[in-house]
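Undergrad: Below are the chains, spelled out letter by letter.
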Amino acid sequence: MGKKRFNVTVDRTICKACGICVAFCPMSVFTTDHDDKAVVSVPERCTGCRQCELLCPDFCITVVQVEETADG
Amino acid sequence: MGKIHEKYLRMDKMPHIWCAGCGNGIIMGAFINAIDRLGYDKDEVAAVSGIGCSGRITGYMDFNTIHTTHGRALAFATGIKLAKPRLKVFVFMGDGDAVAIGGNHLIHACRRNLDMTAVIFNNHIYGMTGGQFSPTTFKNKNATTAPYGTTDPDFDIAQLCIGAGATYVARGTSYHARLLTDLIVKGAEHPGFSIIEVITHCPVNFGRRNNFESPAQMLLWQKEHGVAARKAKTMPLEDMEGKFTIGELYRSTEIPEYLEEYGRVIQAANEEKKQ
Amino acid sequence: MAEAKLLSGNDACVQGALAAGVRFFAGYPITPSTEIANAFARELPRRGGIFMQMEDEIASMGAIIGASCTGTKAVTATSGPGFSLMQENIGYAAIAEIPCVIINVMRYGPSTGLPTSPSQGDFMQSRWGSHGDRPVIVIAPYTAREAYRETGRAVNLSETYRVPVIVLMDEILGHLRERVEFRDEDLVQEISRKGPEPGRPFLPYENTEDGVPPFADFGTGYRYHITGLIHDETGFPTNNPVEVDTTMRRVNGKLELHRQDIERTQFVDADDAEILIVAFGSVARSAHEAVRTLRNEGKAVGMVRPITVWPFPEDDIRTAAAGKKAIIVPEMNLGQMIGEVERAVAGTVPVHALNRIDGLLITPHEIRDLVEDLL
Ligand SMILES: Cc1ncc(C[n+]2csc(CCOP(=O)(O)OP(=O)(O)O)c2C)c(N)n1
Ligand code: SF4
Ligand code: SF4
Ligand code: SF4
Ligand SMILES: [Mg+2]
Chain A
2 MGKKRFNVTV DRTICKACGI CVAFCPMSVF TTDHDDKAVV SVPERCTGCR QCELLCPDFC
62 ITVVQVEETA DG
Chain B
334 MGKIHEKYLR MDKMPHIWCA GCGNGIIMGA FINAIDRLGY DKDEVAAVSG IGCSGRITGY
394 MDFNTIHTTH GRALAFATGI KLAKPRLKVF VFMGDGDAVA IGGNHLIHAC RRNLDMTAVI
454 FNNHIYGMTG GQFSPTTFKN KNATTAPYGT TDPDFDIAQL CIGAGATYVA RGTSYHARLL
514 TDLIVKGAEH PGFSIIEVIT HCPVNFGRRN NFESPAQMLL WQKEHGVAAR KAKTMPLEDM
574 EGKFTIGELY RSTEIPEYLE EYGRVIQAAN EEKKQ
Chain C
23 MAEAKLLSGN DACVQGALAA GVRFFAGYPI TPSTEIANAF ARELPRRGGI FMQMEDEIAS
83 MGAIIGASCT GTKAVTATSG PGFSLMQENI GYAAIAEIPC VIINVMRYGP STGLPTSPSQ
143 GDFMQSRWGS HGDRPVIVIA PYTAREAYRE TGRAVNLSET YRVPVIVLMD EILGHLRERV
203 EFRDEDLVQE ISRKGPEPGR PFLPYENTED GVPPFADFGT GYRYHITGLI HDETGFPTNN
263 PVEVDTTMRR VNGKLELHRQ DIERTQFVDA DDAEILIVAF GSVARSAHEA VRTLRNEGKA
323 VGMVRPITVW PFPEDDIRTA AAGKKAIIVP EMNLGQMIGE VERAVAGTVP VHALNRIDGL
383 LITPHEIRDL VEDLL
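Residue numbers (our numbering), protein chains in the order written: chain A, 2 to 73; chain B, 334 to 608; chain C, 23 to 397.
Calculated directly from the structure, the hints in this document are not laboratory data. Hints should not be assumed to be uniformly reliable.
[What the hints assert, rightly or not] Taking lysine-lysine pairs in the DSS-like style, the calculated list, with each CA pair at most 25 Å apart, reads:
hint	chain 1	residue 1	chain 2	residue 2
1	B	Lys-606	B	Lys-474
2	C	Lys-346	B	Lys-375
3	B	Lys-556	B	Lys-576
4	B	Lys-421	B	Lys-375
5	B	Lys-336	B	Lys-375
6	B	Lys-606	A	Lys-5
7	B	Lys-336	A	Lys-38
8	C	Lys-346	B	Lys-606
9	A	Lys-4	B	Lys-336
10	C	Lys-216	C	Lys-276
11	B	Lys-576	B	Lys-421
12	B	Lys-566	B	Lys-336
13	C	Lys-346	C	Lys-321
14	B	Lys-607	A	Lys-38
15	B	Lys-576	B	Lys-564
16	B	Lys-421	B	Lys-346
17	B	Lys-472	B	Lys-576
18	B	Lys-566	B	Lys-556
19	B	Lys-566	B	Lys-519
20	B	Lys-519	B	Lys-564
21	B	Lys-336	B	Lys-472
22	B	Lys-375	B	Lys-346
23	B	Lys-556	A	Lys-38
24	B	Lys-607	C	Lys-27
Input sequences plus hints: build the corresponding full structure.
TA: Structure (structure tokens):
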């Protein structure tokens, strides 16, 4: 079994740039853009712990496990 | 949040009015996760709130919802539950809402033990009115009505509720979101009045005035000061200085649930009628 | 029906409410209304209903509103100090349009006042006691028989128009025991609020033609929002001036649309009277007695008695007053209803006050004396 992979998305239109996900992602997946909104910079590091999903006060983050492909 | 929030929130009302980084949104997330885990039918859930930033929660959730008057949510909820016991009743209150103006209703709800679950958003401040101190603001904090620092001693909400006779009392935080969901689930399953005090953060009206630079810093404070109740029991008292316990703090099954008791009243009244 | 019973006014209120289908009571004990709570405590559990003694009157009002949200007909009862405490949530019930009935057995005076003495000091408070513009129906019976029928009607009006209804009693009426012979016209029917129309989208605060939106009971599959914030037709808060104006005008205007159904006024020898007495509640008992004895002496005096006191029956007063020599308004307060009477007649007939504020009922004799002075 290979390493699980996750697709992390931020809905930029509703992100309030609070910085919580950036501060609490244990794998430092997020950085911020010019408006201080969250950006998914290094998705491949995501372990799927969902801390970001639970702590985002605005329901902007979605973490979905990527289906393993045959050659994955 | 996966897609759970799309099932339980009124998406047309989003984004919510809460400030960037406010703990209220996290608590709402933990709550709908709890409802999902409990598997309750949305039509059978009644959500009742008071007035304050926290009170706005009912407008966003797709249940039978009622946003009542400041401090009185428990009184309204009591009427709903008694009149339609089938409904799962949840009550949402701020710290000012629950223990200042609504303090009398809170202690009597604890005493009666009617099967409802109350979630208290304790952000240690009056958020909605702009940062006045509340009965849970710690000493020597800054508030708009305490420009020279607060002098009033603060309430420990969970202890207050235990003292008043609540049969399930837990404390969570907005940082420990998973734990919070667990506590709400257990509270809802408990047959009687359950209280979940949530230590949460108001970055705008508390944090900024009290040396917290960001919402994240306030969450970090919760992480560092919340000690699991079980662990706290084994810790030397001085290590608990300035900290607070989290988790299930009290549970009793000895006191009967209110409507069960009321069933006896109905029975006695009917026997008298027959005679 | 024609069944005779010895009933106090307070007991009659309870019987009337039960006949109208009330199955929930929440209250806090206060003289002179306590017998109402006592009777509900005895009667409701026998009918599968709930009696709840709350921690105060604020909670009592909250609890009956909550119960009503589930479709259960709910009542509370109180007197002066408790009535003052209820005002915030009465305003809530009015703007959120939750049916409920408040029985206020008036005592004398502000604050704790004279707990065991009657008064009519809450005439204005019952109409204007909450902040902001809010609609309310206020009904003032004057006998135990009427307390039965009118409390039943209060429940039905509150269901029909989604409005809090106040039954204005007083200490005398609450405590006097009368032999009541119920006749067919006293029969209280059960009327329930209208629900959502199947197959039609449900708008909880719809701007309907009759001014009264349908009500969905909690737990019947309509998940919607109730709030004391000013809301639009969907029930969610708004501060859009057009929507605010629409909601406020509908909520405050709906009773005007149905005045005919809501108003109830009694006329006693009013047509050919030279002197007209306008009185309500237990004072109207004295007034009625004065009219009877004066008429026996051949004196042209009559009475108009608003049973529904709010909305105030301006037209009835104006019509009855036309061409009269004088109007007398006896009240157990410093003059509250008299302002409404003066407004109705707008200077066309002189209006005389007769006030008593010593905790005693105005006697037929006092009214007679004033009538004779004016004749
Ligand atoms: C009877 C009454 N008094 C005062 C207010 C004003 N008010 C609105 S919210 C609030 C306090 C809010 O603080 P809290 O209950 O802690 O809720 P938060 O906003 O912090 O969530 C006050 C005093 C009111 N709405 N009603
Ligand atoms: S799921 Fe965990 S690891 Fe992945 S982005 Fe979110 S917080 Fe980071
Ligand atoms: S936690 Fe949510 S709102 Fe805050 S920065 Fe991250 S995505 Fe944006
Ligand atoms: S004022 Fe405080 S409690 Fe209210 S929404 Fe803003 S951050 Fe949250
Ligand atoms: Mg607060």
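Undergrad: For each hint, tell me whether it holds in the structure or not.
TA: These are the hints, each one checked on the structure:
1. About 60 Å separates the Cα atoms of Lys-606 (chain B) and Lys-474 (chain B), which puts this hinted pair outside 25 Å; it is violated.
2. For the hint linking Lys-346 (chain C) to Lys-375 (chain B), the alpha-carbon distance of about 63 Å lies beyond 25 Å, and the restraint is violated.
3. Taking the CA atoms of Lys-556 (chain B) and Lys-576 (chain B), the gap is near 10 Å; set against the 25 Å cutoff, the hint holds.
4. Taking the CA atoms of Lys-421 (chain B) and Lys-375 (chain B), the gap is about 10 Å. The hint holds against a cut of 25 Å.
5. Between Lys-336 (chain B) and Lys-375 (chain B) the CA atoms are separated by roughly 16 Å; this keeps the pair inside 25 Å, and the hint holds.
6. Straight-line distance between C-alpha atoms of Lys-606 (chain B) and Lys-5 (chain A) comes to about 69 Å, which puts the hinted pair past the 25 Å bound.
7. Proximity of Lys-336 (chain B) to Lys-38 (chain A) is assessed by CA-CA distance (about 21 Å); at most 25 Å being required, the pair is judged to hold.
8. For a cut-off of 25 Å, the pair hint linking Lys-346 (chain C) to Lys-606 (chain B) is broken: about 55 Å separates their Cα positions.
9. Only pairs whose Cα atoms come within 25 Å are accepted, and Lys-4 (chain A) paired with Lys-336 (chain B) is accepted, the gap being roughly 24 Å.
10. Using a Cα cut-off of 25 Å, the hinted pair Lys-216 (chain C) and Lys-276 (chain C) holds, with the two alpha carbons roughly 15 Å apart.
11. Taking the CA atoms of Lys-576 (chain B) and Lys-421 (chain B), the gap is about 33 Å. The hint is violated against a cut of 25 Å.
12. Between Lys-566 (chain B) and Lys-336 (chain B) the alpha-carbon distance is near 39 Å, which puts this suggested pair outside the 25 Å criterion.
13. Among the hinted pairs, Lys-346 (chain C) with Lys-321 (chain C) is consistent with the structure: their alpha-carbon atoms are about 14 Å apart, no more than 25 Å.
14. Annotation: proposed proximity of Lys-607 (chain B) to Lys-38 (chain A) is violated, straight-line Cα distance about 71 Å (limit 25 Å).
15. For the hint pairing Lys-576 (chain B) with Lys-564 (chain B), the CA-to-CA distance comes to about 12 Å; that is within 25 Å, so the pair holds.
16. Proximity of Lys-421 (chain B) to Lys-346 (chain B) is assessed by CA-CA distance (about 23 Å); at most 25 Å being required, the pair is judged to hold.
17. Note on Lys-472 (chain B) and Lys-576 (chain B): the hinted pairing holds, with a Cα-Cα distance of about 14 Å set against a maximum of 25 Å.
18. Note on Lys-566 (chain B) and Lys-556 (chain B): the hinted pairing holds, with a Cα-Cα distance of about 18 Å set against a maximum of 25 Å.
19. Restraint check for Lys-566 (chain B) and Lys-519 (chain B): satisfied, since their Cα atoms lie roughly 21 Å apart, inside the 25 Å limit.
20. Among the hinted pairs, Lys-519 (chain B) with Lys-564 (chain B) is consistent with the structure: their alpha-carbon atoms are about 20 Å apart, no more than 25 Å.
21. Proximity of Lys-336 (chain B) to Lys-472 (chain B) is assessed by CA-CA distance (about 42 Å); at most 25 Å being required, the pair is judged violated.
22. Of the supplied pair hints, the one linking Lys-375 (chain B) and Lys-346 (chain B) holds, its CA atoms being roughly 17 Å apart against a limit of 25 Å.
23. Pair hint Lys-556 (chain B) plus Lys-38 (chain A) holds up; C-alpha atoms about 24 Å apart against a cutoff of 25 Å.
24. Distance restraint check for Lys-607 (chain B) and Lys-27 (chain C): the Cα-Cα separation of roughly 21 Å lies within the 25 Å cut-off, and the hinted pair is therefore satisfied.
Checked against the numbered hints listed earlier, the structure breaks hints 1, 2, 6, 8, 11, 12, 14, 21; every other hint is satisfied.
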